[in-house]
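With the working numbering, you'll find the sequence shown wraps up at 131, consecutive numbering, no jumps.
Be aware that a few hints might be false.
[To be verified] In silico DSS-like pairs for lysine-lysine, Cα to Cα no more than 25 Å straight-line:
{"id": "1", "residue 1": "K66", "residue 2": "K20"}
{"id": "2", "residue 1": "K97", "residue 2": "K56"}
{"id": "3", "residue 1": "K20", "residue 2": "K97"}
{"id": "4", "residue 1": "K56", "residue 2": "K66"}
{"id": "5", "residue 1": "K66", "residue 2": "K76"}
{"id": "6", "residue 1": "K121", "residue 2": "K56"}
I should point out that these hints are in silico values taken from the structure, not numbers from a laboratory.
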Amino acid sequence: MALDEIARGTNPEEGLYIVKAISKYLNGFSSITVLATHYEGVIEDDMVHYQVVGLKNVNFEELRQKIVIDEENSVKILQEHMDYRLERVDPNCEVPKDALNICRIFGLEREVIELAETYYKRRRGYEREQA
Numbered sequence: 001m002a003l004d005e006i007a008r009g010t011n012p013e014e015g016l017y018i019v020k021a022i023s024k025y026l027n028g029f030s031s032i033t034v035l036a037t038h039y040e041g042v043i044e045d046d047m048v049h050y051q052v053v054g055l056k057n058v059n060f061e062e063l064r065q066k067i068v069i070d071e072e073n074s075v076k077i078l079q080e081h082m083d084y085r086l087e088r089v090d091p092n093c094e095v096p097k098d099a100l101n102i103c104r105i106f107g108l109e110r111e112v113i114e115l116a117e118t119y120y121k122r123r124r125g126y127e128r129e130q131a
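The task is simple: from the sequences and hints, build the whole structure.
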């Protein structure tokens with residue numbers, strides 16, 4: 001079975017719970033389900049977890065320079081560097097967070113990036129307190 005971005009139209013908290021519940025339920029069967037999601041915290045220790053390699057191996061400064069040189073083809077250049085292969089990862093592996101790097105590459109205002117970084121840091125501190 002293949003499921004793509006289930007519960008994507010619901011609020012993030014409820015969506016996570018729905019995807020997590022469906023994953024746990026389907027994991028009880030002798031079958032394979034491929035489930036694509038952006039929700040973090042879905043995987044449990046008894047599940048096999050793969051994720052897209054994405055921009056993990058990209059030098060963002062080199063990519064930024066290529067885009068500066070050829071702004072007209074910036075989206076195409078980014079897509080050429082995106083690695084859509086899947087790799088098996090530990091169930092506790094953090095979801096990649098490249099969106100902020102992409103915002104930097106495309107020249108989002110520095111003030112907005114700094115505010116976003118502040119929110120990232122606050123959220124990470126909150127998550128550690130909850131653990």
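Against the structure, test the hints numbered earlier, and report the numbers of the ones violated in rising order.
1
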